Amino acid sequence: MKRIAIFTMVFCCGILAYFALPKTVSIQLDAITAYMSLEEMVTKADLIAEISVETLEDSEWNVDATGEQIDQLHTDANVRPLEIYSDNTDGIQTLSETEEFTVRTDIGQIGNTVQTSSSYPSLEENETALLFLVEESDNSGTYYSILGNSQGKFTKQEIDGELCYTNGRDQLPVEGLREKIQQIAEDNKDTQWASDYYTDEEIKAMNDALFESGAE
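Each number in the numbering used here corresponds to the 1-based position in the sequence shown with 16 added.
Hints were generated in silico from the structure; no laboratory data involved. Note that the structure is a prediction, hence the values are computed from the model and not measured. The beta carbon of each residue, even a glycine, is placed where N, CA and C say it ideally should be. Each hint should be verified, as a subset may be incorrect.
Claimed, not checked - Computed list of lysine to aspartate or glutamate pairs in DMTMM-like fashion (alpha-carbon distance at most 25 angstroms, straight line): (1) Lys60 to Asp154; (2) Lys205 to Asp46; (3) Lys196 to Glu151; (4) Lys172 to Glu141; (5) Lys196 to Asp176; (6) Lys205 to Glu195; (7) Lys60 to Asp186; (8) Lys60 to Asp203; (9) Lys172 to Glu55; (10) Lys60 to Asp46.
Stated by the list, open to error - DEER-style ranges, computed between Cβ atoms: (11) Val150 to Glu174: 25 to 31 angstroms; (12) Asp154 to Gln208: 27 to 33 angstroms; (13) Ser42 to Glu115: 33 to 39 angstroms; (14) Gln44 to Glu143: 18 to 24 angstroms; (15) Gly83 to Glu202: 30 to 36 angstroms; (16) Gln199 to Val41: 46 to 52 angstroms; (17) Val150 to Gln198: 17 to 23 angstroms; (18) Glu151 to Gln208: 20 to 26 angstroms; (19) Ala221 to Asn94: 33 to 39 angstroms; (20) Asp203 to Val130: 40 to 46 angstroms; (21) Val130 to Lys172: 23 to 29 angstroms; (22) Asn204 to Gln85: 38 to 44 angstroms; (23) Gln44 to Ala221: 18 to 24 angstroms.
Please model the entire structure based on the sequences and the hints provided.
Take a look at the structure:
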């Protein structure tokens with residue numbers, strides 16, 4: 017009888033402790049993203065940068081145009097440029113290691129609230145990547161977002177014996193990367209892109225197909 021009483025007391029304490037613990041709140045943030053070819057990303061990016069992620073800032077809540085907080089968050093990454101490709105194809109400017117800029121991601125955590133996504137990419141400290149970026153600004157200043165969401169982040173991998181940057185679909189060889197990007201920009205500088213005319217339904221269908229594996 018005494019053992020049953022002790023067991024019951026321990027069990028009840030465990031239940032109370034479980035309900036007293038703070039619970040994790042998950043936010044799944046996905047986006048309707050039009051398919052963007054490599055050529056379109058090269059011509060539309062404000063900045064194409066091979067970067068090293070130096071530090072991540074604490075995640076912060078997003079605010080709307082009126083300054084009111086909304087139930088979405090972001091995380092700013094301070095990145096160091098290794099090489100930068102401008103959208104006017106003037107070439108690559110090698111910057112000093114002290115010069116950094118901010119890339120904003122939509123992945124992060126504040127307290128027990130965790131925001132994840134199958135369509136937005138994340139950045140990790142000490143990571144290197146090739147990013148296709150668009151310049152944006154808000155009350156906090158100027159920052160860059162990744163163009164085309166996950167389409168605009170390329171990581172270095174060996175594919176068929178060749179070292180490449182890839183977003184899982186497109187590939188750019190590491191060797192001759194400068195010339196390749198410049199040539200794509202020059203060849204497509206006057207191109208009008210079909211994605212500018214897609215309907216929301218068409219964009220959603222393409223987005224679902226593109227990120228199907230990430231949503232599983």
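Here's how the hints hold up against the structure:
1. Lys60 to Asp154: Measuring from Cα to Cα gives roughly 21 angstroms; hence the hint holds.
2. Lys205 to Asp46: violated, 30 angstroms
3. Lys196 to Glu151: holds, 23 angstroms
4. Lys172 to Glu141: holds, 16 angstroms
5. Lys196 to Asp176: holds, 19 angstroms
6. Lys205 to Glu195: holds, 15 angstroms
7. Lys60 to Asp186: With a Cα-Cα distance of about 16 angstroms, the restraint between Lys60 and Asp186 holds, given a limit of 25 angstroms.
8. Lys60 to Asp203: Distance of about 13 angstroms is within 25 angstroms: holds.
9. Lys172 to Glu55: holds, 19 angstroms
10. Lys60 to Asp46: holds, 22 angstroms
11. Val150 to Glu174: 25 to 31 angstroms: holds, 29 angstroms
12. Asp154 to Gln208: 27 to 33 angstroms: Given a distance of about 30 angstroms, which is inside 27 to 33 angstroms, the answer is holds.
13. Ser42 to Glu115: 33 to 39 angstroms: holds, 36 angstroms
14. Gln44 to Glu143: 18 to 24 angstroms: Since the Cβ atoms of Gln44 and Glu143 sit about 23 angstroms apart, the hinted range of 18 to 24 angstroms holds.
15. Gly83 to Glu202: 30 to 36 angstroms: Distance hint for Gly83, Glu202 is violated at roughly 43 angstroms.
16. Gln199 to Val41: 46 to 52 angstroms: holds, 47 angstroms
17. Val150 to Gln198: 17 to 23 angstroms: holds, 19 angstroms
18. Glu151 to Gln208: 20 to 26 angstroms: Given about 22 angstroms between the Cβ atoms, the range holds.
19. Ala221 to Asn94: 33 to 39 angstroms: With Cβ atoms ~36 angstroms apart, the hint holds.
20. Asp203 to Val130: 40 to 46 angstroms: holds, 43 angstroms
21. Val130 to Lys172: 23 to 29 angstroms: Given a distance of about 28 angstroms, which is inside 23 to 29 angstroms, the answer is holds.
22. Asn204 to Gln85: 38 to 44 angstroms: Given a distance of about 40 angstroms, which is inside 38 to 44 angstroms, the answer is holds.
23. Gln44 to Ala221: 18 to 24 angstroms: The hinted range 18 to 24 angstroms holds for Gln44 and Ala221, with Cβ atoms some 19 angstroms apart.
The earlier numbered hints that this structure contradicts are 2, 15.
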